[in-house]
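> Mind docking chain B on chain A? Use the hints.
There are 2 protein chains.
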Amino acid sequence: MKAEIITIGDEILIGQVIDTNSAFICSELNQTGIKVNRILSVPDNKDEIIDAINTSGKDVKIVLTTGGLGPTSDDVTKHALAEYFNQNLVLNNEVLEHIRRFLHTRRLKLNERNRAQALLPERCRLLPNEFGTAMGMWFEKENRHYFALPGVPHEMKAMMTGHVIPALIKQFELPAIVHCTIHTAGIAESVMADKISGWESDLPQNIKLAYLPSPGILRLRLTASGTDKRTLEGQVSYQAEKLKKIIGTGIFGIGHTTIEAETGSLLRQSRSTVAVAESCTGGNISRMITSVPGSSDYFRGGIIAYDNDVKIKMLGVDKRKIERYGAVSKHVVIQMAEGVRKKLKTAYAIATSGIAGPAGGTAEKPIGTVWIAVSCDEKTFAMVFSFGNLRETNIMRASVAALNMLRLIIIRSKNRNSG
Amino acid sequence: MKAEIITIGDEILIGQVIDTNSAFICSELNQTGIKVNRILSVPDNKDEIIDAINTSGKDVKIVLTTGGLGPTSDDVTKHALAEYFNQNLVLNNEVLEHIRRFLHTRRLKLNERNRAQALLPERCRLLPNEFGTAMGMWFEKENRHYFALPGVPHEMKAMMTGHVIPALIKQFELPAIVHCTIHTAGIAESVMADKISGWESDLPQNIKLAYLPSPGILRLRLTASGTDKRTLEGQVSYQAEKLKKIIGTGIFGIGHTTIEAETGSLLRQSRSTVAVAESCTGGNISRMITSVPGSSDYFRGGIIAYDNDVKIKMLGVDKRKIERYGAVSKHVVIQMAEGVRKKLKTAYAIATSGIAGPAGGTAEKPIGTVWIAVSCDEKTFAMVFSFGNLRETNIMRASVAALNMLRLIIIRSKNRNSG
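Chains as they are written, first to last, in the working numbering: chain A, 169 to 587; chain B, 169 to 587.
Pulled out of the complex, with its shape left as it was, chain A reads as follows:
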C-alpha cells in the first residue's frame, strides 16, 4: 500500500519553517504498514496543488495533503480540491456552528473569514478538528483516497491519529511492518559496515537495514515487512540478538533512546552518582545529562574549568603539570576527573580537555585533539581522541565519547562485581 504526502505552504519553500508534519505522518503511516513513496512540498497556489496531485504515482492509493486550510486569503487548498474533484463549495451549517462554538470558548467573535471556513466541497466526508476551525476532508475517486489535513502541527496530529489512521485501517487490509533501531557509539560507519557485512548479507529478504549516523553515534535500523506482526517481531528480535553478539557493548540502546538516557539508567540502577569537569566541551556534557528528566537522582553537578586558573584552584590540578604537558594532556585531564570526583563526592567523574577550534591547534595537537578521562573508585581511565575541524561537531563528538566511556566503565565494574 503506497501513499504520498503533499505539504502546502509558501513558508516551507522560503525556508522559514521546517516541515515537521511530514515526518510525523510518515511515521504514523509506516507503523500502520503504509509506505510513503514521496513527499512533495508546493506553494499556496491552486495550480501547483492540482499539478502535485496529478503527478502522483500510478500505484499510489492514498494522497495526504497538509496546510492551506486556514481562514486567510492565501489558503487555497480547499479551492484546489473542489476544482480537482469538480465540486461546488456549499455552506455547512453544522460546521459553522462548530466554528462559532470554538471561537466562543476563546472569547472570539465569528467574522467573515471564519464563516468562509464553513464553505466546504459538497461531496466529501469531513474530519472533525478538535483544536481548530479548519475541517479535514476525505475524498475518494477511482479507488484512491485523498485526505486534506490542516498545517498546524497539533491540529494535524490529532486528526491523523484520531481519524485518518482508524479510517485507513478500516478501509484496507494492511501488511504488517516492524521497526527496530539499534543505537551504537564509538564505531565509525565504514568500520561498522565491515564488521556486520556477513550478518547483513545473510538477512532475509523481507528485512532491510539502514545506517543513520549523527556526531559520535551510529544507529542501525531494521525494518521487517510481511503479513503477521508477531512473526516479524520474532524475526527482528532474532536479528537484533545476532547483532548484539557481533557489536557487543558498542550497542548502547534499542528503540527510542539516547546515550544520556541510557548512561543515566545505568547510574540509577547501580545507585551511583556522577560529576563532570568540562573544559573544551564547555558545559555540553552537563547539559546532555540534565536534559533527561529525573537526572537529579544521579547527577550532582560539575565544574566548567575553561580557564587554567579554574582547573588549578577549583579542581586541584597541579600548575606544573599544565606548564609541562599543557592543559590538553593525559596528566591534566586525569587530575581534573579526580579533582571533581573528590570535591563533589561522587562514584564517577568525567573530565574533558581539548582543542575545539577554530583556533588553538598546533602541529603536535591539531584542532579536534581531545583528552577524556573517567574516574571511579578503582582507577582513572584516560583516552585521547582526534575529531574534526568543526567546533560544534567536536564538542558534540567529545561529549558523546565521554558519556560512552563512562557507560562502558560502569558496565565493566558491574560485570566485575557480579563476576
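Be careful, since some hints might not be right.
[Stated by the list, open to error] Some chain A residues judged to face chain B by a derived CB distance under 8 Å, without partners named:
1) S195
2) R206
3) I364
4) I375
5) Y379
6) L380
7) D465
8) R468
[Stated by the list, open to error] Sample of chain B residues with no beta-carbon within 12 Å of chain A, all distances over it, derived:
9) D242
10) Q255
11) I385
12) R398
13) D486
14) I577
Quick caveat, the hints were computed from the structure, so don't treat them as lab data. Ideal Cβ placement from N, Cα and C applies to all residues, glycine included.
Here is chain B on its own, set in the frame of chain A:
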C-alpha cells in the same frame, strides 16, 4: 529564476528523520533571489531519483539533490546521476587522496567502501567537502544546472554556502534582494506586533516583514527586492534605524548573530570576565557561551550546582536559606551568583535556579518558575520568570533570559561609566 530540491533518503520517508536540509537550502537560495518551486523527498532508489529529476518543472533552471552520497550500499544517488547523464564512474585519484588524508587525521584506514567514494561520474565538476568523504557534484545539461550535495547537515551547509551559492551568483544574473534580520529578546510576539504596527503599515511595498520566533528570542526579518542592491541596502538600513528607535535595547543584534555572541562581544569590549552558577539550566548557559569561538577571552568557567549540597559547599549558599525559602528563591539565586563571582574572581556572574519539569512543580512554584540573578561589582540583580511546561523549552528560555539580563546590565554600567 526557479529551483527544485530533491531530498533523498529512506529515513525521511519513514519519518525517522526530519528534513532540516531543505529549509536551509530554501533560505539560502531565497536570499540569493532564487525561488524554490517544490521540494520532493524520495527513497534511496535509483529509479525514483531519476523519476524525480524527470518530473521537475519545465522552467526550473536549478535542481539540487541532498543525500545518498555516503559509503554504504544504500547510497545510490551517484549511480542514479551517472545513469541519468549517461556517464561512467571513474576512479578520481585526487579525491581518493583527499579521502585517505581525511580518514588519516581521524586515525582511520581507507577501506573498500571509502575507496568506492572516489568513483565519480567522468564528466562533472566536483565540489569539495571540507568535513567529509562525499564529494559534491555539479552537472550541466540543456541549460539546466544540477547539484548533488551530501545529506549530513554540516557537510551540506558548508558546501552550499562555500561552493553552490557562489557558483550560482557567477552563473546567473540574479535580481537584487537584500535581507536584514533584527534580533530581539525579552519581548513577546503579540507585544512586538502592537509596538511596531505603525512602523509596519508605513513600510514601502518592496519591503516585506517576517516574524521568526524561537524560545526567548524574536527575530524580525526585512526583505527588500528590486534592481539595485545599493538602493535596497539604503532602504533597509533606514527602516532598521527606525526600528531601533522604537524597540531600543530589546534589540540585541543585527545580521547573522546570536545572543551569546553579542553578550560575549560586550564582555570583550569592556575587558570583563564572566562565570556561571547553573542549577535548572544544567550547563546550557555555559554551553551557549562556549559555543562562540574565542569565548575563553572572557569566560572563566562555572559551577553546575544541581544538588543543593553543591550549592552549599561549592558556592557558599547558606543552608538555612535553602531550608527557609527553597532552592528556587531569590535569596538562594543571589547567593549562587555572588558565590561563583567571588570564587572565580570575575566581573560578572550569572546564576539560575528553577523548576524545569516535568516533575517538581507546586501550587506556589509551578513548573517553569525560574529565578535568575546577575551579579556585578555594583550590586546583584534578581528576577523571577514563568516559562511553560516543557522541560527543553524552559531550559532554553531560562538560558536566553539569563544572557539577556547580563547583556542589559553590561550596557547599563557602560552607559553609567560614560555618562
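> Check the non-interface label on R398 (chain B): least C-beta distance to chain A beyond 12 Å or not.
holds, 24 Å
> Can the hint on Y379 (chain A) be confirmed by a CB-to-CB distance to chain B that is less than 8 Å?
holds, 5 Å
> Under 8 Å, Cβ to Cβ, is where R206 (chain A) needs to be relative to chain B, so tell me if that hint holds or is violated.
This interface hint holds because 5 Å falls under the 8 Å limit.
> Can you verify the interface hint for I364 (chain A): is its Cβ closer than 8 Å to any Cβ in chain B?
violated, 11 Å
> Non-interface claim for Q255 (chain B): all C-beta distances to chain A beyond 12 Å?
holds, 25 Å
> Hint check: is the beta carbon of I375 (chain A) less than 8 Å from a beta carbon of chain B?
violated, 13 Å
> With 12 Å as the threshold, tell me whether D486 (chain B) passes as away from chain A on beta-carbon distances.
The claim holds: D486 (chain B) sits with its nearest Cβ about 18 Å from chain A, beyond 12 Å.
> Is it correct that the beta-carbon of D242 (chain B) has no partner in chain A closer than or equal to 12 Å?
Non-interface label fails for D242 (chain B): nearest chain A Cβ at 6 Å, not farther than 12 Å.
> Taking the shortest Cβ-to-Cβ distance between I577 (chain B) and chain A, state whether it exceeds 12 Å.
Holds, since 21 Å exceeds 12 Å.
> Does the nearest C-beta of chain B fall within a distance shorter than 8 Å of the C-beta of S195 (chain A)?
holds, 3 Å
> Using Cβ atoms only, decide whether D465 (chain A) comes closer than 8 Å to chain B, and label the hint accordingly.
Where the cut-off is 8 Å and the nearest Cβ of chain B is about 10 Å from D465 (chain A), the hint is violated.
> Run the C-beta distances from I385 (chain B) to all of chain A and say if the shortest one exceeds 12 Å.
holds, 15 Å
Violation of the numbered hints given earlier is confined to hints 3, 4, 7 and 9; the remaining hints are satisfied by the structure.
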